[in-house]
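Q: Chains as they are written, first to last, in the UniProt record's numbering: chain A, 1 to 259; chain B, 1 to 268.
Hints listed in this document are in silico derivations from the structure and should not be mistaken for laboratory results.
Fair warning: there could be bad hints in the mix.
Label pairs and their in silico Cβ distance ranges [unchecked claim]:
| # | chain 1 | residue 1 | chain 2 | residue 2 | range |
| --- | --- | --- | --- | --- | --- |
| 1 | A | Lys127 | B | Leu68 | 40 to 46 angstroms |
| 2 | B | Phe184 | A | Trp247 | 31 to 37 angstroms |
| 3 | A | Lys229 | B | Phe184 | 46 to 52 angstroms |
| 4 | B | Thr10 | A | Gly138 | 30 to 36 angstroms |
| 5 | A | His194 | B | Leu260 | 43 to 49 angstroms |
| 6 | B | Ile8 | A | Gln248 | 53 to 59 angstroms |
Ideal Cβ placement from N, Cα and C applies to all residues, glycine included.
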Amino acid sequence: MSRNTKISIRELTKVFYKKKQSVTAIENISLDVEEGEFVCIVGPSGCGKTTLLRILAGLENQSSGRFKIERSNEDRPNQSMVFQERGILPWLTVEENVAFGLNMRHLPKTYVKERTNYFLRKVGLVKFANMYPKELSGGMKQRVSIARAFANDPEILLMDEPFGALDEQNRYILQEELLSIWSETKKTVLFITHSIDEALYLSDRVLLMSAQPGKMAAEIKIDLPRPRKLEDIRSNPEMASKFLDIWQHLQTEVQGSRL
Amino acid sequence: MKDLKNPIETEKQEWRKQQNQQRLKTWLTIFSPICLLLIWQFLSQSGLIDARFFPPPTAIISTFIDLLTSGELFDHINISLFRIFAGFLLGVIPGIILGLCMGLYAPIRHFLSPLIMALMPIPTLALLPIILIIFGIGEVSKVVTIAGSVFFPVVINTVAGVISIDSIYLDVAKNYGAGRKDFFLKIALPGSLPVMLEGIQMGQAIALLTIVAAEMMGAQSGIGYMIWTSYSAFLLKEMFVGLILISFFGYIFSLLLRALQRKLLPWR
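With the rest of the complex left out, here is chain B (with noise of 0.2 angstroms):
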């Protein structure tokens, strides 16, 4: 039997283990990416998968640093940018006061569940051509037909997250005579913030999605269409350049909405 005399130099030991198995954990998750980027280089460079396919990582890198250089990548990046956060803030906006006004007054519900139910299953790249023929060719018709798939998870989630919030608190509220504005503030808004945002991180994925295949479709310009060209011309390291930005853009979204997750939600 092993004697261990020093309680703490045990204790000791057993807290650098686990820091050691948390160490770990971070480095499998930066590893992860690195591995495939690895392996893809490999396969690549033998040609175990075809190279004009595939091509290896390191091609790739060097044409994203050309396509820089020139400037033109940065031209698809800005208006990319720019229609995703107009398109996001037009959706997520209308959605968080229409979700509230829903989860609150319940003849308001019951008079819209059903328009929002019908409308939502419908892709609004279908919409697309009304969207066109509506708003014209420009600026505002992506704008909105990134609105238009935000808006629908940031509705449903903000009206569930006010019906979610317990009996209790309602109670609490009315017994402590809180008026109108106070409820709305103090009640409504920060117990339905938690499903809120996860509906606003959902919106946020879909508004990625939608301004690849909206710019793929009717656009001369952004990522989607820099996609999109390089495909028909076959330059295939130029799509890899898109499809790699897109990857990253999500990425980097989701840690900002997860770091205002934490900072709105201090309580949780």
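Bound conformation, chain A alone (with noise of 0.2 angstroms):
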């Protein structure tokens, strides 16, 4: 092997005990992914993508497994998480919620103010820095959860639909604007879409889950060289067929749930 693993997930599985009934949100889930990979996950609803990643988040414990995080650095956070929406606060402005990340640490003010504005100039929102949640567009409010996340420095960074509720047109904007920043700073990414065409254009290698109990059923690779434009992934046949494989899987999984 060649790079290093910075996930390793093995045999994870989590279930949701309630009223005397068990349901598996997920089973012997195994991964692994290298430093420095864009991993997009990608599978029906209520297939245990949120489950895995809120228990990678450190939101929600593990019936049975383990998974690591391999670290780097002593001081660095292990994760940060980008939320679907409604992920920023709204009682601390643009700056404050881009900052939150480093003030929890309580690191030094300057070093705070130097790297908050290397952010927000970053996704475009220095003008913003005042401004409070209410008065921003969806777009921009997903810009600040990412900038939030990046700004924290962490090992790894996890993403839940974070474009999710944007429409197509921010959505093309923001998936390029996060290509970038993840360009430069080369982080580990899990991203979890419901989107095919989202996982094409941002990732390495593409997992699909199958539902209940949620598992990994299958990977492609997605060896595109970066940067990518939206443009090259509609035109590139290879990747149109690979579009119909993840589709067709994603159809027969949700007529499977239906039976």
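Can you join these two chains into the complex? Each is in its own frame, and there are hints to help.
A: If you want it as structure tokens, here you go:
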């Protein structure tokens, strides 16, 4: 193996138990993500993608199995999450939101300021630094969320359908911006999405999950050179066939869960 | 069909129309109390209502001025305001602290909420005899009475405020490693503040209701005492001065709290 494994997950299972009924959300998930890799997880709704991410994010405990995130630096936080929507705090300004992780770690003020400004500039929100989230559009809010995660400089980034609530136009713009920041920092990213286009455009590898219980079904490598353009994906026949593969997998999964 | 030539001119007129409507609304708001006073004055002077029970506003105003110049009124206002402020703070501050603790820690909440639910329906005024026995007939007993009535809406709204914080914000705090103190100051306090302030606003209104009744029952000074003694002596003009003062202070306190709300919640 030429690269280092950054995230290793072994036989991770999560069961939800309520009123004498148990539902297995994810079952025996094992996977490795390499350092600097951008991995998308695609699967039908309710397949436990979010549960998997929440376990890695420390927001939920697994029922069995284990996972490990390789640390490169003791001062770095393990992971930071970009939430679906409503993930930024309405009572903090844009700047305070971006600085949130750094402030929670009580880092020196000048360092926080400098780093916050850098990422505000990266996402084009310098002019909005002192505004409250209520004054921002959906796309701008997700930019704040992304800037907050990158500013925190974690070992890995977890993203839970960050662009799911955006309109198509905005989604493309934010995907492009995300790739540009990512290519600079080379963070390891685990990204959940519903959108096949999004997965093909962003990732090095797409993992397909099956539903109830959520398991890893297949993986598809996307070895297009970077920087990528959306047009390249759309006009590439190989990508078109990969799109169809994933589409068919999702179709059968959805059909299967209906029976 | 009307031909609209100049688009800017058209919109300008539209804008002026809206401005005029805004002005009208402001005037209506100011006009309603004046209107009431005018009708009252007319009815009272023309003898349609008995001027002994409803003295005309002009007579009440001149009584007000007399009482002011004699200095007697100032003493009543001072002592009442002192009791309101002291009782308000004594009720609000423990209410907020206990409310935050109950909201954040479920065991405390489950332990204390039956007590609060059971004590809340008892009017503090009904407890006044007991309060007088414990705290004596001095200022402390009045302040405690007000504090007791202010405490409940504040504590209940603060708990509701903390519980109503969207769970995603708790996830964000946890994910970004917020410690206990940061969680309290950066998430729980600001997140519960809007609902908490509604409770404080309610507490303010209850404080005024309570002070008047408490001073009627067990005091030798204050606006409530003045209302009661004037009524007993059939000095209805003096009584009305007292009633109007209470309504005036209630209005001013509401305005002050609204201003505070805007100041504390710029993000709303």
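Q: Hints the structure violates: just list their numbers, smallest first.
A: 1, 2
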